[in-house]
Amino acid sequence: MNTSSLLAWVLLLAPLLSAFMIWAFLKPFPFLSQIVSVGACAISFLIAIGVALGSIHEPVTINWIDIGGLTVQLGMVFDSLSKVMLLVVTGVGLMIHIYSMGYMGEDPGRSRFFAELSLFMLSMLGIVVATNFIMMYLFWELVGVSSYLLIGFWFEKPSAANAATKAFLANRIGDFGFLLGIIMFWTFTGSLMFDPSLSSYFKGHPLVTIMALLLFCGCVGKSAQIPLHVWLPDAMEGPTPVSALIHAATMVAAGVYMLCRIFFVLEQSEQALEVIAWTGGITALVAALTATQQDDIKRILAYSTMSQLGYMVMAVGSSATIAAMFHLCTHAFFKALLFLGAGSILHVLHHEQDIWKMGGLWKKMPLTFLTFFIGTCALAGVPGFSGFYSKDTILEMVGEKNKMLFWLGLFTAGLTAFYMTRLFVLTFMGAPKSEVAEHAHESPFVMGLPMVVLSFFALVGGYSVVGIEKALGTTHEAMSQAAKLNVMILSVLVGLTGVGIGAFAYWNKQKEIVIFPLFKNKFYFDELYELTLLKLQQLLAGVFAWLDEWIIGFGIVRGSAFLVSVGGELLRVFQTGNIRSYAFIFGAGAAAILVFFLISS
Amino acid sequence: MQIGLTHYLTASGILFAIGLAGIILRRDMIIIYMCLEIMLNAANLALVAFSRYNSNLSGQVLVFFVITVAAAEVAVGLALIVALFRVKHSTKAEDITLLKF
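Protein chains in written order, with our numbering: chain V, 322 to 922; chain U, 6 to 106.
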């Protein structure tokens, strides 16, 4: 194995080693744990840069499983898709690791926190470089586990523990579909590699739509698409850096990345693409509508994340994988930035998450204000910021394929601008609305630095000079400039309208101006699930409990014991201990046998 | 009257029945032992009778084995009875019922 190959593996080994070392040796030394974890992430980042520059090549694959027709290899794929994703994951990851050093402060469990963060980095990088379905599924489940651990980091809070379980279960449902899809793929092709040439095996096969949709299930779970989205808002119970890293920038985007990776399967079925596009579009709209009425700063951002993920999925469904990845990258920067800003606010406001108790923070926290402003502009799609470019690319591509979805996306863009303005105005502008908000102060430098770096990328990430889009490949055939300009003008108009309404409506307001119960209550998804799935599940559980208690417990287990004990009671009557009665029974028995044989012969 | 196999077997059967009845009906362990010996000897008588009837010596050889085993058994059995008598001060079968439920 040459050096380059070894270095490539260090990309995965560094976070793994860090997680193991902290878990095994460094639990009592939080400061050391921080250094190790951040160091491991930095090493991964450096290697990712090396990969992106082309100086580190794909390592030799290792044969992991080789049984009969099943061959599973551990390898790494470094193509344009994974190179960009590697840079984003490690870059944003590094920033958030640094930020966590400040945010986690004196939390007694921060060794554990950093161990779990390292574990997450390992699994996320594993997904990015995976060369085959099994390897991806392995790391896919690992991100699920680390997400579970980190959401439930403050497990002594019942809400956090419940949120962690909910996230895990919702993901499991999606992952099960994903696994079925993988098995179907293997049945079709006899291979598990991400190899576009394999598509000849199932081209035009009637079952290919089902396979594509099953594979899409994994994305629905991980990327919080309707109907499995309910876990993402609850996942905000975790520490804010976790929300930024896992539930905004990287893990939830893994679903979109996976869709791009397996696009050679999806593109075989028009119907599947249609379903994917509509799922994304509806998720984007529903999440944006919900976000307009939430009060919790992190929940607003969570719904916004869901909405943006819906955008990306919609783009994939419209065959615009490059646009989806482009938006994924810019979104990773500005959404991580927004979450870090929110975390910075929560840090100084003693975890007061209600935006109606904030206000006037621009004076007290200028750095957070400035970076949050950049993030808001990027998300709202203000021209010149990164979100504007990527969102426009998606809208253009979607518009080419499906006019309905285009208008839906455009409306969502307006909503996005509206709710972000609402959030921004209520948080930073006007007068302080509570005691804690009045005594706010700026966060420490270690938290400020990552925000500044991320805001730089949120600002310039969309420019062609930075070349994210170019690195991903040619986006699409040049549309007519006029059509492009039309989309741009429309989206700017819609965005400005949203900003205008939001600013006008919420400037200096003390409480909600108008309440839509449907949006306020998140479209009643939780209640619906409680009424249907929960009831059904309770019913099934009741039936099984009855079976267990009466058939297995009473019938089989206690029944056989009862039979044996009754038999024993009956037989013990004969055990008198008197040798003469034994002799009598023995003699009588022998005589009976004798008589029997005499009669029968 | 010619004394034949039937007579011997009848005598053997009667002896066996006497022994069995003694075991079931008597209480003293020593008597029970003696009844056991009667049953063994009934079997011996039958073996010898068949041996003579079939002109085959195997039956008589088996009788020697039975006598040997019976002697050994009596030695062990009487020792047990003596030991039990020291503990229980009785040789009645009813008094030795430790192995009931």
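The reader is advised that the hints may include incorrect statements.
[Said to hold, decoys possible] Simulated restraints on C-beta separations:
#1 M39/U / I872/V: 16 to 26 Å
#2 S921/V / L10/U: 44 to 54 Å
#3 V916/V / A76/U: 25 to 35 Å
#4 H94/U / V916/V: 39 to 49 Å
#5 G880/V / N59/U: 52 to 62 Å
#6 Q65/U / G880/V: 28 to 38 Å
#7 R91/U / G880/V: 16 to 26 Å
#8 A909/V / N59/U: 24 to 34 Å
#9 G910/V / I8/U: 50 to 60 Å
#10 A22/U / I872/V: 51 to 61 Å
#11 T102/U / G910/V: 26 to 36 Å
If you're looking for bench data, these hints aren't it; they were derived computationally from the structure. Note that the Cβ used here is the ideal one computed from N, Cα and C, for glycine as well.
Tested hints:
1. Here the CB-CB span from M39/U to I872/V is close to 60 Å, at odds with the stated 16 to 26 Å.
2. Take S921/V and L10/U: their Cβ atoms lie about 24 Å apart, and the range 44 to 54 Å is violated.
3. Restraint check, V916/V to A76/U: a C-beta distance of roughly 33 Å satisfies the suggested window 25 to 35 Å.
4. Take H94/U and V916/V: their Cβ atoms lie about 42 Å apart, and the range 39 to 49 Å holds.
5. Distance hint for G880/V and N59/U: a CB-CB separation of about 57 Å, consistent with the stated range 52 to 62 Å.
6. With their beta carbons about 58 Å apart, Q65/U and G880/V fall outside the hinted range of 28 to 38 Å.
7. For the pair R91/U and G880/V, the beta carbons lie near 49 Å from each other, so the given range of 16 to 26 Å is not met.
8. Taking the beta carbon of each, A909/V and N59/U are about 31 Å apart, inside 24 to 34 Å as hinted.
9. G910/V and I8/U have their C-beta atoms about 33 Å apart, which leaves the hinted 50 to 60 Å range violated.
10. Distance hint check: the CB atoms of A22/U and I872/V are about 55 Å apart, consistent with the given range 51 to 61 Å.
11. The hinted window of 26 to 36 Å between T102/U and G910/V is violated, with their beta carbons roughly 21 Å apart.
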